[in-house]
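Based on the hints, put chain B in the right spot on chain A.
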Amino acid sequence: MSASSQALVASEPGPDIYDENTKQNEDAPANAVSAAPKRKEPPPESSESIRQRGYVILSFWAIILIIGLPIWWKTTAIYRARLPLDQMMDWADGRACRPVFPLRISIEVDSLQDHEAQHLLRTTQHALDDLNDFSAHHLRLELSPSNASTAATGLSTGGVENEELALVIRLLPGITTKADLQSYAPILDIYYTPNQIPSSSSSSSSLGNYIANTLRGMFAEEQAMIAYLLSTSSAPPERSPKALAPEVAESLAKWTTRSMKYSRTYHLTFSLFTPTATPSSWDIEAALEEHMKPLLESFSSISNFTIDTQVQLYATPGVSGDILKKEDLSGFINAAEWPLSPSIGGAPTINFIVYVGDMEVEGGGKSWLIPQWGGVVIQSDISDLRPAMLIFSNQLISLLGAPESGSLPLRLMTLVRVRSAGLLLKASGTMGSLARLTLALPSISIPRSVAEGVYTTIEHLRKACDGLGGQEGLENARIAEEAAEKAFFEKSMVGQVYFPDEHKLAVYMPLLGPVGVPLVMTVLKEARAWRKRRRGGR
Amino acid sequence: MRQFHSLLLFLSLFTLSVATSDYHEQLLLTPLHPSLLLASFNFQSNTTVNSFEQQNFRNFPRSLGQILQHANTRELHLRFSLGRWDAESWGARPWGGAREGGTGVELWAWVEAETDEEADGRWLTLTNALSGLFCASLNFIDSTRTTRPVMSFQPSGDHKNSSWDNLHLLHGTLPREVVCTENLTPFLKLLPCKGKAGISSLLDGHKLFDASWQSMSIDVRPVCSAGSNDCQLQITQTIDMVLDIQRSKRPRDNPIPRPVPNEELRCDASKPYHSEDTCFPLDTAAQEEGWTLSQIFGHPLKGACPLATDGIDPVCINVPHARQVFASEGSHEHLDPNGFMRCFQLDPEKELEMILPQQEITEKAPLEQPLLYAERSFIGYGQERGGVQAILTNPSPTKAVDFVYMESLPWFMKLYLHTLKAKINGLDTHKDVIQEMYYRPALDRKRGTQLEVRILIPANSTVVLTYDFEKAILRYTEYPPDANRGFDVAPAVITIGNVSIRTTSLLLPLPTPDFSMPYNVIILTSTVMALSFGFVFNLLVRRFVAVDEADQWDVRAVRLKIAALIKAKLKRFRNAEKAEKRE
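Line by line, the protein sequences give chains A and B.
Okay, so the first sequence: first residue is 1 according to UniProt numbering, each after it adds one.
Okay, so the second sequence: first residue is 1 according to UniProt numbering, each after it adds one.
Here chain A stands alone, though its shape is the one from the complex:
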């Protein structure tokens, strides 16, 4: 190392050179001659220059810490709107809302004295409460306020009070005990024999028990549905009732996979597919008018429907053969060639297909339902569309998720309650997922729209929870569910997740490496020199 051409060399202030030289002499072989000439020591530094150097280093660091760091922090920060995480988790865990469906059932008893009626009511309620083991679904009986007048007007008032009452029971004297559910109104006629009128002394009555059992049987399916929904959600276990019977649970699982997602509007497409060029037209307008429209009107309080129809010639199904096996049914719809593209509006499409042909499903039957999609009917003669329309009506009802038993008005009301419960639980679950997502991924941004969506959801969930069971509850639950989904699937949230750390390294290293290393090294050296000086001073 010859440095004769250089007059000056920057020297590190501090490290003890003498120490190193002696060490080197120790490590060197014994016969080696040390070639290093004895060096001159630089003159001792003035305390003035040491202090000055300290100030320089300090000011560099001050600029970095006071200006650089905040700017860096500010410019690379990810906007995370504040979310009410506790509330969201409360909803998800079912702490915020106890879904309760109080069903008001009115009893009309014209033939009994007032106190007799009161007594009957009490005993029946007792019997009901004894039977019921599921607190969320509660049947509450009450006496019809104007016993005489409602009986006279009958059906019409039943319609008006639909909003409030789940069912009206009319007690009528008869020869035998029997229950008769009216098909087009939520009215249950119960005939009783005179000897069944409870005496005021007895604590139970056979009529009361009979009514209670009948009611229980009628609402068993709805109860099971709600219980199933609660048990599949993350609600606390003590809320859900005793475990459902396996076969009931299985049929309910089928019911959930079968039914469409709830929407305010559905689009129905009726298609005629034929493998040849004939028939090229069908009398669908009249058939729809006669068999479909009345059903759709009765659904109008829950969902609206738009309809279109089409005729497609030269359509070959995805499977061939005269007998269709069960496993072939899913491949029957030739998705690649049949123009069954979903509608472009927001409404989900339900497809109903009439296929002209002689095929038969294995084991008989010419129609089947495709879960969450629609139904197929195979028919060789399309001059009479009535059977196909009746099958489609049934398929539509079960695709919408209505229960299988009961009269139509009761099924619709059950549908409202079950749908609101489902939406409520789904929206709550989404809130929980969003809260967990925000906690699990600290690097994602949370735009303001997500926070707004969360607040909208919670507000409507609250309203839905308060008015559960009615139209309003359903509407609120729907809005809540929509807002929750929108907040959860906000696109701009995931933009940062796919920005790998290697890229950050590539951006920061070229600047921070060459600048940072001298800064840190000087501080270390200065600190070492300072410590040595202090030790030397002592």
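Bear in mind the hints are in silico, worked out from the structure with no lab data behind them.
Note that the structure is a prediction, hence the values are computed from the model and not measured.
We put the CB at the ideal spot given by N, CA and C, even for glycine.
All the pointers check out, no bait thrown in.
Taking beta-carbon pairs under 7 Å as the criterion, some of the chain B residues facing chain A (in silico):
1) 55
2) 62
3) 129
4) 196
5) 523
6) 526
7) 533
8) 549
Positioned in the frame of chain A, the structure of chain B alone reads:
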């Protein structure tokens, strides 16, 4: 070819008057010289507006009908085109150019809306939905590619006067889109007979997209019969293609062209140098190529579509009567007595095969002269500026032609309007040529330039329209993949009455950066900053001493130190091993 045009005219009149017939289709074959064949497929179906609004679809495709209703579109024109029509040797375009679009995809529609913003929203819905239906990138027609033509397009349907004020014409092009089989499949699905029967059974992606030029069109328009109130919605789908007969005749499983065997070469033996190994090809201009339907389209026609019940012959061919045409059994030939046309009526059950043998014939069906020849190209050089030159020729010796020339240029091609010049036959007589002009300047990243010029060309003259432009520099993320290929500029649309023709599209090279630029910039600036920082910092914090007073940085000492360290470690390791062995 006059007859050809009159037939088209007759057909269009016919469809207007016989609107009660729901569906009709026709294929017109016209041999073009040399050894090319123009095949024009036309499919038309109607539905009453009433059943359209109730969404009961029969022959009208439901998928398209739903989109039109959802986007409040009253009239729709969609074009997919590929290749260049050689007007010099092929004559006038089929349908006079009315069923043709520029290279790529072109879409224009009349959308009903109260305000411009609403119209834009519905246009967006329309393009997105059509994009899904036709598997084309129509959703890329954004505001920069959308124009609202003022003079160029006229609605071809009958619109109610009441709704006329609320109709907005929007026009978009995608010159870069490559039209291919995935666009044909949805097109065929819209037809009532699919590709299973009738003339549509001849359509095959392999043949269609092998054509020298092809154009697919879909037009939806309302048609009202005069005087009565019932309106119909008419959908017309056409496919026109120019096929190379020799190319089509190549076997499908072995499509590589091979040299003709020696014995099959047709040589001019009168040439003095004609011998065993030299051959001058014989002039085959008078020779008509022999072909059959199944050679050209891959398979014969699979019977008539049973829905077409209006009695129009589904297959016609435009050749002189002296030309031999043999059709298979079950079809009936109808000769047009005073023209070159002959049509065939088909049996719905039987396949149609048509054979035209090789024949020497002097008579040819005459080519119709186009109204205007148009070509457009770039002029100028360099990365910064350029120019465009459009050469427009009126071939008619007697009639002047009046038309609207419309350019919709991308925003990064900044037009200098003051450089717009029209020379007629090489002379600057600017005034008479350009009659009227509509110009809407571009806004960066928001909309493109729209230029519409009404031009009058006197008989037998050529107008050269030139203008200059500047190339903008795009942002890093605005370059498409493969930016060095260049940027496609949409064809100019020339509207003559209700007929429109298009120039070819242009490929504009823009200054393209190196795409590793951002990291290079980061590293370069960082290096400069680090250097200057290091210089200043060292100057401030280092102490300067004489050489002999400085620290010695002895490499040998360091080496010895490291060696000693390793030695010590090894020794310790060995000792440990020995200890283990002992145990």
